[in-house]
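Q: Protein chains in written order, with this note's numbering: chain L, 1 to 190; chain Z, 1 to 190.
Honestly, I wouldn't trust all of these hints.
It does not matter which identical chain is used: a pair holds within one copy or between any two.
No more than 20 Å apart at the CA atoms, straight line, and that leaves these computed lysine to any residue pairs for SDA-like [what the hints assert, rightly or not]:
1. Lys170 <-> His180
2. Lys70 <-> His167
3. Lys170 <-> Leu187
4. Lys170 <-> Glu93
5. Lys170 <-> Ala190
6. Lys112 <-> Ser5
7. Lys170 <-> Thr183
8. Lys113 <-> Ala31
9. Lys112 <-> Ala81
10. Lys112 <-> Phe30
11. Lys112 <-> Arg166
12. Lys70 <-> Pro184
13. Lys170 <-> Pro184
14. Lys170 <-> Arg109
No lab work stands behind these hints, which were simulated from the structure alone. It should be emphasised that the depicted structure is a prediction, and the values quoted were computed from it without experimental measurement.
Single-letter residue listing:
There are 2 protein chains.
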Amino acid sequence: MPTNSVQVVLIAVISLDGRIARPGQSGAGFASAADQIWFRRSLLEFDCSVMGRRTFGTIREQVIGRADTKRLRVVMTRDVATHGQDAMPGALEFSSDEPGSILGDLARRGRKKCALLGGGEVYRLFVQAGLVDALWLTLEPVVIGAGTPLIDGATPETHFRLAETRHLSKDTLLLNYTGHGATPAPLPPA
Amino acid sequence: MPTNSVQVVLIAVISLDGRIARPGQSGAGFASAADQIWFRRSLLEFDCSVMGRRTFGTIREQVIGRADTKRLRVVMTRDVATHGQDAMPGALEFSSDEPGSILGDLARRGRKKCALLGGGEVYRLFVQAGLVDALWLTLEPVVIGAGTPLIDGATPETHFRLAETRHLSKDTLLLNYTGHGATPAPLPPA
Chain L
1 MPTNSVQVVL IAVISLDGRI ARPGQSGAGF ASAADQIWFR RSLLEFDCSV
51 MGRRTFGTIR EQVIGRADTK RLRVVMTRDV ATHGQDAMPG ALEFSSDEPG
101 SILGDLARRG RKKCALLGGG EVYRLFVQAG LVDALWLTLE PVVIGAGTPL
151 IDGATPETHF RLAETRHLSK DTLLLNYTGH GATPAPLPPA
Chain Z
1 MPTNSVQVVL IAVISLDGRI ARPGQSGAGF ASAADQIWFR RSLLEFDCSV
51 MGRRTFGTIR EQVIGRADTK RLRVVMTRDV ATHGQDAMPG ALEFSSDEPG
101 SILGDLARRG RKKCALLGGG EVYRLFVQAG LVDALWLTLE PVVIGAGTPL
151 IDGATPETHF RLAETRHLSK DTLLLNYTGH GATPAPLPPA
């Protein structure tokens, strides 16, 4: 896995059967309260983040309400023009570029650590490009049986090393995996 | 979840993205050596097991070579007649019955503990019927991106409680979940 000057951490909450959303839904409606607290805490570690258009759509109001230049949010979309009125340069931007180009641009602008926030197609694009340095996966104790899979579409088989395990609650695990050849991304203190 | 007189433990090895087989394959070709040792060990805990026709197809020779009445193996298939020459009553049987009927029959014959061995459609049928008492999931540190999901098809959302976690190796976790209202199925000693 190539080392990027921007470290990329894929953050996701998954069901036991590897789903990130219920059938017909966007957003992890099955995430526990413990995961929601952890997720908000985890974002403080990052100076930039990338998400897909559908993920943005489900949290648009929160994103716009909280957008600031401490964490530059990039939304991947094929149709940048549509989102012109939401754009806030340096805080909330839209891009139709490939993952490598987006990270290159973030690096040139001095960003160091990027949270990859999904959905399944965005996760796939970054894994496929070999650009994921770490996975912070919350594993919820539920079987969903359908819905969006963590990796939406074919990708080369990609191996990771287990770096840390933590209980977010009695039944919810947080797992930290490191890409081969990548710099570990230690979890922030509980 | 209803209590069965036969306790059902779903045993599976999954990728980080919830797959049980590589695209176009049957059988967990990505399972680590540590998981393969664990899997063989785990089966000693059971006096019966259930698997689907495709899963049976991938391990037919081993199953036939090792079949004995200590563990009654039941293969679910729509076409029982096709498998007539492989059948060994009390050791290897074929059934087109529903999960509840299969378990009822096993209970009447004095069987107590059933390993559910997949694949994804068989797992789904048992989860759907509310007949899974525990999950013993091996989580391999790999993203596969496509292939058979753990639960193949729609099923009602089903919650479990995390009972135990264990390292099978530095990077491979074994997780034991208990169904709500079900009797726990403790892992055998390491």
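Q: Would you mind marking each hint as holding or not holding in the structure?
A: Verification of the hints:
no.: 1; hint: Lys170 <-> His180; result: between (30 Å within a copy, 14 Å between copies)
no.: 2; hint: Lys70 <-> His167; result: neither (29 Å within a copy, 38 Å between copies)
no.: 3; hint: Lys170 <-> Leu187; result: both (18 Å within a copy, 18 Å between copies)
no.: 4; hint: Lys170 <-> Glu93; result: neither (38 Å within a copy, 40 Å between copies)
no.: 5; hint: Lys170 <-> Ala190; result: within (14 Å within a copy, 22 Å between copies)
no.: 6; hint: Lys112 <-> Ser5; result: within (7 Å within a copy, 56 Å between copies)
no.: 7; hint: Lys170 <-> Thr183; result: between (29 Å within a copy, 18 Å between copies)
no.: 8; hint: Lys113 <-> Ala31; result: neither (24 Å within a copy, 32 Å between copies)
no.: 9; hint: Lys112 <-> Ala81; result: neither (27 Å within a copy, 63 Å between copies)
no.: 10; hint: Lys112 <-> Phe30; result: neither (31 Å within a copy, 33 Å between copies)
no.: 11; hint: Lys112 <-> Arg166; result: neither (25 Å within a copy, 34 Å between copies)
no.: 12; hint: Lys70 <-> Pro184; result: neither (23 Å within a copy, 47 Å between copies)
no.: 13; hint: Lys170 <-> Pro184; result: between (26 Å within a copy, 15 Å between copies)
no.: 14; hint: Lys170 <-> Arg109; result: neither (41 Å within a copy, 37 Å between copies)
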